[in-house]
Amino acid sequence: MGWSVLGIFTLALFAPFLHRLLGRATGWVLALFPFTLVVFFGRHLPILPGERFATSWSWVPSLGVDLSFVLDGLSLTFVLLIGGIGALVLIYSGAYLGEQSGGGRFFAYLLLFMGSMLGLVLSDNVITLFVFWELTSISSYLLIGFHHQTDSSRASALKALLVTGAGGLLLLAGLLLMMLAAVQLGLPLETAGRISAMFSVNFQQHPLYMPILVLLLLGAFTKSAQVPFHFWLPAAMAAPTPVSAYLHSATMVKAGVYILARFHPILGGTLQWKTLMIGVGVVTMLVGAIMATGQRDLKRILAYSTISVLGILTTLLGVGTVQAIEAAVVFLVAHALYKAALFMVAGNIDHETGTRDVTRLGGLRSLMPVTAITGILAAFSKAGAPPMFGFLGKEALYTAKLDIETIGLWLIIGAVVANVLLVAMSLVVAVWPFFGSFRQTPKTPHEAPISMLLGPVLLAGFGMFVGLIPGAFDRSVGSAMSTAILGFPVEMKLKLWHGLNPESILVMALSGFTLATGFVLFMKLRPWLTHTLELACRLEPWGPGVRRAWQEGRLLHELTCRLEPLGPTRAYERLLAGLAWSAQGVTRLIQSGYLRRYILITILAVVGLVSYPLLHSIQPQLSQNAWQIRPHEAVVALLTLAGAIATVRARYRLTGVAALGVTGLGIALTFVMFGAPDLAMTQVMVETLTVILFVLVFYHLPPFVPRSTRRQRFRDLVISMSAGLVMALVVLATASIHLEPVLSDFFARQSLSAAYGRNVVNVILVDFRALDTLGEITVLAVAGFGVYALLRLKARQKGEVQK
Amino acid sequence: MKSLILQTASRYLIVLLVIFSVFILLRGHNEPGGGFVGGLLIAGAFALYGLAYEPKAARRLLRLDPRTIIGVGLVTAAGSGLAYEPKAARRLLRLDPRTIIGVGLVTAAGSGLAAVWHGQPFLTGQWLPYPIPFLGKLGTVFFFDLGVYLVVLGTALLVLLTLEEE
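These protein sequence lines map, in sequence, to chains A and B.
So in the numbering used here the end of the first sequence lands on 834, straight run, no missing numbers.
So in the numbering used here the end of the second sequence lands on 1654, straight run, no missing numbers.
The hints are simulated quantities; they were obtained by calculation from the structure and are not laboratory data.
Mixed in with the good hints there might be a few duds.
As the list claims (entries may be wrong) - As a list, the in silico SDA-like pairs of lysine to any residue whose alpha-carbon atoms are at most 20 Å apart:
| no. | chain 1 | residue 1 | chain 2 | residue 2 |
| --- | --- | --- | --- | --- |
| 1 | B | LYS1544 | A | HIS731 |
| 2 | B | LYS1490 | A | LEU685 |
| 3 | A | LYS474 | A | GLN131 |
| 4 | B | LYS1544 | A | LEU724 |
| 5 | A | LYS474 | A | PRO271 |
Claimed, not checked - Label pairs and their in silico Cβ distance ranges:
| no. | chain 1 | residue 1 | chain 2 | residue 2 | range |
| --- | --- | --- | --- | --- | --- |
| 6 | B | ARG1586 | A | GLY38 | 27 to 33 Å |
| 7 | B | ASP1584 | A | ILE676 | 38 to 44 Å |
| 8 | A | PHE735 | B | THR1587 | 35 to 41 Å |
| 9 | A | VAL91 | B | THR1587 | 28 to 34 Å |
| 10 | A | LEU239 | B | THR1587 | 48 to 54 Å |
| 11 | B | GLY1598 | A | ILE676 | 46 to 52 Å |
To be verified - With the C-beta cut set under 7 Å, the calculated list includes, among others, these residues of chain B facing chain A:
| no. | residue |
| --- | --- |
| 12 | ASN1518 |
| 13 | ASP1633 |
| 14 | THR1650 |
Each residue gets a CB set at the ideal place from its N, CA and C atoms; glycine is no exception.
Based on the provided sequences and hints, a complete structural model is requested.
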């Protein structure tokens, strides 16, 4: 399992080269890999309830972090969705992007996302899970901002990244608390991070339960676009359509739902869980559905209806009864299939006509027949019309809600309202553009190429297939998935026809009512929107006419348009602006552009931060033999001191550097005398290079003139003296603290026997603490490139001025 | 700032310094020394050369024989220091300090992967069972140190040469 994730990441690395080699055929070739994945994982079908396959690689065993992967009903379903839809999206992208530049980059990002998503749903360790979670945020940032030349798409990408990234941090906090609680509840540290091990402990009585729950839910809610964090999703429609079809329907936005489902058996079922999930879920379901009605952009309609569906899923997971979980399972898969298909249909329309404004579309059925049929099939599934998969989802949904006693009625009413709106909007997306009279569009429309039809046709067709043979779904993955979410084995039985009993009649009545009302609403909505648009266009130049158009029906559109920025979007923008403002203030204060100011602030901060705890907690003491100074030590100390004084008093830069060198060499000699030859060598080399560096810099500097006033020099004297004093105290304090000699003993003993080296310092650097060193040399390299970039930038600016 | 004495001296010095830095790198495991100091030392040598002649010459030296820098053969190192005239064919082998940094980082990180292959945590030292003549026991740790050496060399040279060329 790990290899499949690694394989996709590797493929992402080579995608740009492949794209250069293969051009438009890249999508087809790359799709082979996810297709292979589907076949590879498909051999586990049908997966039995409770069946699990696990592999594990050691990563940081001492912290309880390992790369452990588990395949059960829940993850298998997600893997198949990710692989299957991923393959179709790759094929689709090849044609969608066409000759656009940056295709290789696009494929690389898409594969990066695919790998991260796969890792996310397979991870069994919470830290690994978090790493993949963040990777999906980052890769989606790159994908949403693919058209990075336009401001709006950059802003949208940033919005998605900040919202989901902030949620990710909360999630991390929640997961770490979970590990902590698990250890306190008796799990050994090595397995405390394993989700599969967490089943065995009871978190719900632990005092940390509430913080864990809230943090985890916040993480999931940001990712799954729940109100009030939903606003990034409509904005993310700036992404190319294949991205929306993949990330914003089937995979990334479902990651939050996945987390909720995964942790349901561990954290779910409590009153807090139910209250939070149902509350947020219902609000999201309604807000999404209402906002969808006012949109004209096909993709934005789909985005808002996705939000609504995500709300439904959250609600169902919150309810948590067997029926509710089964409904969530069916709904989740059905939604992934039809929503991805609808996004691709919207992409086809956009690609072939040049517009996504639904009011400017009409009569495309004869020009794009395949797209039309596909769209209608998908929309039927979305609307929950029999015999589509979506119909089963809706039936299950209503059944589940009837089942709860106290708030069941209200939930049903809410669900019916939302679903009526969703039915109407699914008709707007998939019926409107194809029927009615033909309208002129920016491009002359014709049918999309085969690679752009394959995806939606297969997905919509699959939706119908599952709807007709529901047994195939519940036997192959459905039961196992419900089992994984519930934590105890269940047998799921999906049926198109439930026979005649009071409950099924009521459910059917509700379904029928939803469909009929939705259809009526659509018929009303349609003339409403088109008519008013035409009117508005005609009347726009005359002031009063606009108001009439407004009154007559653009109302709905305008209202939602106006509502949109009022909500959390506005809070987000204010927050962002405030952050930028305060950062600017701090930067102005600290980074004034004067190097001496930087040094001043740095030294003052160090003195302040170090001296306080130093004087409060540790009493620096002189050891008894401190005054037994040997003559050569005294000479070196005096030399060092003299060098420092000469540096300060120097009238020429070169004198100053030479005097500074004396100080540095004096310190190096001190190292030699006290048995640190490694340090001494390094010190000498650093001194030498510093002198060379100074000489090079001096070459560019104007002649030295003492500019500071007496007062400034006095101030600097005080500051530097206090810095020196603090450093001296630190040295004394380290000498007087009695450290446990465990570590130094360990290194001294193990150096030769375990690491085959006698130089303990070097062995620590390159063996015992090699990871630290690796980090350090990486920082060094980055710093080097930073200096290089700064110098080059200046040189280039100079060059431009001269031109 | 052209001084005949400095130029002549640095031409011979650089050979010695390169040899010395490799020596420091190798002895680091048992005696004072190691990749960090070695890298600083050789960077200083090249910077000195650049000061004595011009940065271009130092770059040419880097370009002429990458083996000088990596310190593979001491003889080649000595030879290259004396004959630094560029040959067109060798230009392909030019080593930009940035490349050295990259190679160093990859070497250091790559040396840790050997352990992963054997199922141990990243960066656990792996050792050849038999000592190599002149080098002693050889393990991945040496390559890690080599990586440190190259990164330090590359970074110092990148900064110094860029400044010198300005």
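Tested hints:
| no. | hint | in the structure |
| --- | --- | --- |
| 1 | B:LYS1544 to A:HIS731 | holds (18 Å) |
| 2 | B:LYS1490 to A:LEU685 | holds (18 Å) |
| 3 | A:LYS474 to A:GLN131 | holds (17 Å) |
| 4 | B:LYS1544 to A:LEU724 | holds (17 Å) |
| 5 | A:LYS474 to A:PRO271 | holds (18 Å) |
| 6 | B:ARG1586 to A:GLY38: 27 to 33 Å | holds (30 Å) |
| 7 | B:ASP1584 to A:ILE676: 38 to 44 Å | holds (42 Å) |
| 8 | A:PHE735 to B:THR1587: 35 to 41 Å | holds (37 Å) |
| 9 | A:VAL91 to B:THR1587: 28 to 34 Å | holds (32 Å) |
| 10 | A:LEU239 to B:THR1587: 48 to 54 Å | holds (50 Å) |
| 11 | B:GLY1598 to A:ILE676: 46 to 52 Å | holds (49 Å) |
| 12 | ASN1518 | holds (4 Å) |
| 13 | ASP1633 | holds (5 Å) |
| 14 | THR1650 | holds (5 Å) |
In summary, this structure violates none of the numbered hints.
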